[in-house]
Structure formats: structure tokens, C-alpha cells
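Enquirer: Those protein sequence lines, which keep their order, are chains B and U.
All the letters of the first sequence, read from the start, carry residue numbers 31 to 397 under this note's numbering.
All the letters of the second sequence, read from the start, carry residue numbers 31 to 397 under this note's numbering.
Keep in mind that the hints are not guaranteed to be accurate.
Within a straight-line C-alpha distance of at most 27 Å, the following computed DSS-like cross-link-like pairs (lysine-lysine) qualify [what the hints assert, rightly or not]:
1. U:K151 x U:K162
2. U:K211 x B:K151
3. B:K211 x U:K153
4. B:K153 x U:K175
5. U:K162 x U:K105
Quick caveat, the hints were computed from the structure, so don't treat them as lab data.
Number of protein chains: 2
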Amino acid sequence: NLEVSERDSQTSHRTITLPGLIDIAAFVPNISNVIKGPAELKEASRVALEAGFVHCQLMSRALRSPIVTDAISLKAAYSTATDSSYTNYSFTVSGTSNNPDYVAETSKDVTALFLPFHELKSKFSIVSDLLKNWPIDKQVIAEAKTSELASILLLASLQNRPIHITGVSNKEDLSLIMTVKEKDTRVTCDVNIHSLFVSQDDFPESRILPTIEDQEFFWKNLDAIDAFSIGSLPDAVAQVTGNKISVGLGVKDTLPLLLSAVDAGRLTIEDIVEKLHDNPIKIFKLPQQDALVEVDMDYPFKHTKRWSPYMKGGLNGGVERVIINGETVVLSGELVATELRGDCISTVAPAQIVSVPPEIPLPKTGT
Amino acid sequence: NLEVSERDSQTSHRTITLPGLIDIAAFVPNISNVIKGPAELKEASRVALEAGFVHCQLMSRALRSPIVTDAISLKAAYSTATDSSYTNYSFTVSGTSNNPDYVAETSKDVTALFLPFHELKSKFSIVSDLLKNWPIDKQVIAEAKTSELASILLLASLQNRPIHITGVSNKEDLSLIMTVKEKDTRVTCDVNIHSLFVSQDDFPESRILPTIEDQEFFWKNLDAIDAFSIGSLPDAVAQVTGNKISVGLGVKDTLPLLLSAVDAGRLTIEDIVEKLHDNPIKIFKLPQQDALVEVDMDYPFKHTKRWSPYMKGGLNGGVERVIINGETVVLSGELVATELRGDCISTVAPAQIVSVPPEIPLPKTGT
Ligand SMILES: [Zn+2]
Ligand SMILES: [Zn+2]
Ligand SMILES: [Zn+2]
Ligand SMILES: [Zn+2]
Ligand SMILES: [Zn+2]
Ligand SMILES: [Zn+2]
Ligand SMILES: [Zn+2]
Ligand SMILES: [Zn+2]
């Protein structure tokens, strides 16, 4: 079901068509702030759309604190997002020490329960309660690392429920997840894309980045990584290194970084589609979208307005067009949509193959 | 099946008859040393027998390093122990970074695989291999604490095998074990007896002791504690506090401490029998022994030769007699056996109710 049109015979640039990508851990820290939120989401969703993403699942946290934690903050987020997004979006709700008793009230309006690392570190019985109260058919996203990871995997196993580990950051953790996946395929995980390309060798001050050894382990075990995410890693690295944080940091790097890995023979286009589209849909039971992204694989990528954890340059890959429901919303990498038509995917239908219009061969872009 | 003969009506001292006790984590650090081992085991088993223990399961480690790790060191331990023990004994073998491939060769001659904390900390994949290679019908004893505990419980759960956690040392760990026990009754645990009576309040320099809060949690959740053990805690506290380490440290405190708790209404005689006899037999599939211990509940207990982590005094409880196979081997708390008749329980039969001679009412001791 992957549509790749290689056009090297007709043009010096190769164009591929991908399904609309899904950002499963979009970082919009003011989403529940009705004052600052709308403009932030508008900008974040513009950047996302221009980068090829047509759905943003919003992580429920700022750099340090959870944001959507109950029906009231969810309502604020809902109000913030209405008519403020170019992409479809969905909410997640954070589990905290305070909300095990009522967090499930939000479950039908979110795609997942989000368990933030800082908030729940060493709070085993609270996490246990959060999971117990959360509907079994709704996903759980855990930021668990190192010592917390085994606990959360154990709890999920005891409660016989699926769990998704986001932002796996070292080889021991991935190795543990792989061991569990052998027995239980409902355990899934993602790594932040920048973790595959930037390491502690580049930023020794940023311990949240992997070591070179961790990174090699990730690449060697790509099959165990169900999805790629952006997450808050670019912002966290910017913070530690004293660089400017701005909305959508690192999002536009996604395809250029991954396509460079395709060129280097470390990844296939199929891997990208699997980890930024197919698996996100399966893991979070997202509905199919009629959305296509035409990518020029050889377009030289330049960082213009934003800092990025990956500043080494030499990347190629440009989004030529994004087409949603037959309408071109991005052209030559720039937003052309004039309306904020993103829908809230709050009630999640079980994933199924619906009759999506055939992915039409796109006209040659001729650059 | 508990035989308690209260005799307060006949004498000022009450006497109870217990089945022969089992020390599931006996600390004999030189057991695989054919030079130092025999005298150490002779002394350790004498102290054990005088304290009411008729079977010592030997922990496979010294204070820091594993001791029995392969067929060769097991053979040395076997040679050391032959004709050197007053009690029955059994060996455990340590899992280490080096022996996952061959440790199982020893399995039929030991009662359990012992996973020492210091040796296997943060070595998830090695522990995974150790468990995979160990026969499913043989017990595993893990010293896992805190961050390692969830990992080992997860591995046992994934491999669908029983596991015994020894020396639980804080309330978070017991709480985690309790959560797992709700789903899987094959998870068992013990606490070191001194952890119930001595805390960091008594020895602030000894972080291996529980806090007062941990200790209260232990007492509140005695039902979740399958067994009591002695372990190396007394030696470890002696080391940290600069007190003299000697063979059998803390062993003689066992019954006086526990009986003081019975007197204080915090424990029942039935609890003692369960956690020092019935459950050890079930957990480690030990054969029944024909052994009885007559205890004078009101005999004032005095520390004579050895330091102890519990020096507050005020304890009562004295072993009057130990009778094995109908023969008195301890009288008035002193060894009277002249032969070292302890057997190696190396091949473990499934636990079953065999026809043990009825536990005869003992003659009144009349003190
Ligand atoms: Zn190329
Ligand atoms: Zn799609
Ligand atoms: Zn733009
Ligand atoms: Zn082009
Ligand atoms: Zn017995
Ligand atoms: Zn009394
Ligand atoms: Zn004596
Ligand atoms: Zn007496």
C-alpha cells in the first residue's frame, strides 16, 4: 500500500508520495491556555502541515508539568484548539498524583492517557491506580525510563493491557522493551527522531540525548521501534544548550533527516510510512485520513527561522505539496490553505480499512 | 496442624511446641572454602540448632561476592558440608554475569538459583538469560531491591515462573510485591527478622535497615510476607557499625524477637510456624522433617557471646529442647548431639504431606 513514484528517469529530482504523516507526540505546551494557546497551535500546526504531518496528537505536558489533567483543562484545550489548527489533532490527558480517581472521566474525549516521567517517578501505587481506572481499550503512553520502565511494563502486564512507551532514550530501555515485546506484542514504543541523529557526543551537556552506543543500538534494532516521534526533545536540548525555543522546533527536520538515512541505506521509505503513519494509526486507533504528501527527495533542506539540534547540514528533502481531501493545502513547502480546518479526533473509532480514494499519481513537479 | 500447648495453668512459664524451623537464607560465607568452611558450618549449624532451626538453606554469597557459582564450587561446598553440619542443609547457586550458560548444570543438586543484588544490578539481559536457562520447577531467590525489583518481577512474569524475593527492605518494594501477588500467587517474599525490630532510627549509618515508616508498613502487611529470614543483615549491620562479626550473628535472636511480638499482640504463634516452617517447605519444595522444638516462652533471653543488632534487651524465649527423629539433640538450649548428622537436601522432592509421626506433647519442663 505504499506509493512511491521514482522519477529519476524524467527529472534530476526524485519525488515520492507518502500518506499524510502523524505526529504522535506533538509538543504544544500552551494547549490548555485559552490566551496563549490558539496562536501557538496555529503556528505549530502550520509548521507540522508544511512538514508533511496531517494529524498532531498533543502530548499533555509542558517541558516540566502536565497540562491536561481533568475535564476542565481538557475543555480549555478543546476551546483553544477549535478553529486554531491546520491539521487534525487529538488530545491526551496526563495522569498525576492527584487524578487517579477522576482522570477516566476524560477518556472518551482523548486518544490516550499520558504518564509524564517527572510527575510519576517512583510512584508505583499511583501509576497502578491510574492504569486500573483507565479503560482497557484506550491506549496509555508512558514516558518511563530506566528504573521506572520495568515498573510500568510490569503493571501493564499484570493488568493485561497494551502500553506505548514514548521517547525511548537508551539501549538498556529498548532492550528491555524488546524482551517484553517477544511475549506481548501489545507493548509498543517510539524514539524521538533526533535521537537517531544527534547524541551526547554533539551536546555533552544534554543527558537526555542517547550516547553513540545507544544510537547504534537503535539503528540495529529499528524493527523493535514501532513509531518515530518528535516530542519535546528539540526543545529540551535547546533549553540545556541555551538556544532559542520556538514553536515547532525540530518538526521540519523530520523528513530531511529520515530521507538522508534512506539515502545512506539505513532506512527505507517503507520504514518511514510504517513508523509515521501505519503504526500510529494502529497503536492509537486513529481513523484513516484522505491525505497525501508529495516529497522532493533531493531538494536541499535549509534551516531558516529556527534553531535545531541537528545543524550539521547536508540534508535533502522538501515537501512539495500536501493534499487533504483532494485539496492542496501546502504548495512548494508553504501553506496555501487559508482556513483552519483541522478537526478534533476526540472520539476514536477502531482502526479499519475504510475506502480511501485511490492515491492518485501526482503531477510531475518539474524542479 | 499447629501444636501449641499452653501450660500457664501448671507452671509460671508457658511452653510451646513448634515444628523444626527452617532458615531459608543461612549466611555461611565460607561454605565453598574447604579449609575454612567445615569449622564455620559446624559452628553455624550448632547455633542454628540451638535456636530451633533444623534445616539451613545456604545463601550463595559472602557479604559482597557470590560463592557457589558452578559445578566445581558446588562440589567444594558439598565436600565442606559433608559431616560438618548438625542441621540438614541445602545449597543454592548464584547467578552471575559469567554463568548463564552453565549454571543450570547444578540445578538438580541445589534448591534454588540465587540472584545476588550487587552482582546483577542493572544487568537485565543477563538476568533474563539466567532465568531462561534455569529449570521452571526450581525456585529462584532474588535479592532485588528498588529499581531492580520491578525488572526481576517482570522477567518472572514474562517467563511465567515462580520467584521468591528475599530480604525485602522497604515499603515501596513490599507494596510492589503485594501488587504482583494479587495477580500471581507464585510470587513470594521474605523479610529479614531484624528488619521488623531494628530500624535506621537505631543505626542511622546502616541504610540497609528499614526506616520506621517501612517497618510499620511491614507489620501492617504481615500477610503479604510469606517467610521470615535471617540472611546477612546482622553481619552487614555489624560491619557498618564496626561491631564484631562472628558466625551465626543474630540467629539466636529469632525466637525471642518473634515471641516478644507475640506477647505484644503483633504476631501469632501460627504466623511464626507459617513463616519459618510451612511456607519455606512450600516455596522451596523441601521434604518434611521429623523435628520438634520445645520453647519456653518466658525464659529471659540474654546475649552472651555475640553482638546483635538488637541489644535493647527485655526479650523472653528459650529453646528447651530440639528433637529430631525422636532423639533429643538440644537440651536446655545447649547442643547435646555428639554427631554431625545433618543431611544434604540436594535433590528436592515435591512438597507433600508425608506421614510424620504425630507431634507428641512434650513432658513438662518445670522451670
Ligand atoms: Zn539522494
Ligand atoms: Zn493515512
Ligand atoms: Zn513556511
Ligand atoms: Zn525538486
Ligand atoms: Zn516440619
Ligand atoms: Zn510473656
Ligand atoms: Zn550454646
Ligand atoms: Zn522455663
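Enquirer: A separate judgement is required for each hint: does it hold in the structure or not?
Expert: Do the hints match the structure? See the list:
1. For a cut-off of 27 Å, the pair hint linking K151 of chain U to K162 of chain U stands: about 18 Å separates their Cα positions.
2. A threshold of 27 Å between alpha carbons decides the hint, and for K211 of chain U with K151 of chain B the separation of about 22 Å falls inside it, so the pair holds.
3. With a C-alpha separation of about 18 Å, the suggested pair K211 of chain B and K153 of chain U falls inside the 27 Å cut-off, and the hint holds.
4. With a C-alpha separation of about 15 Å, the suggested pairing of K153 of chain B with K175 of chain U holds against the 27 Å cut-off.
5. A C-alpha spacing of about 24 Å is found between K162 of chain U and K105 of chain U, which places the hinted pair at or below 27 Å, so the restraint holds.
The structure is consistent with each of the numbered hints, conforming to all of them.
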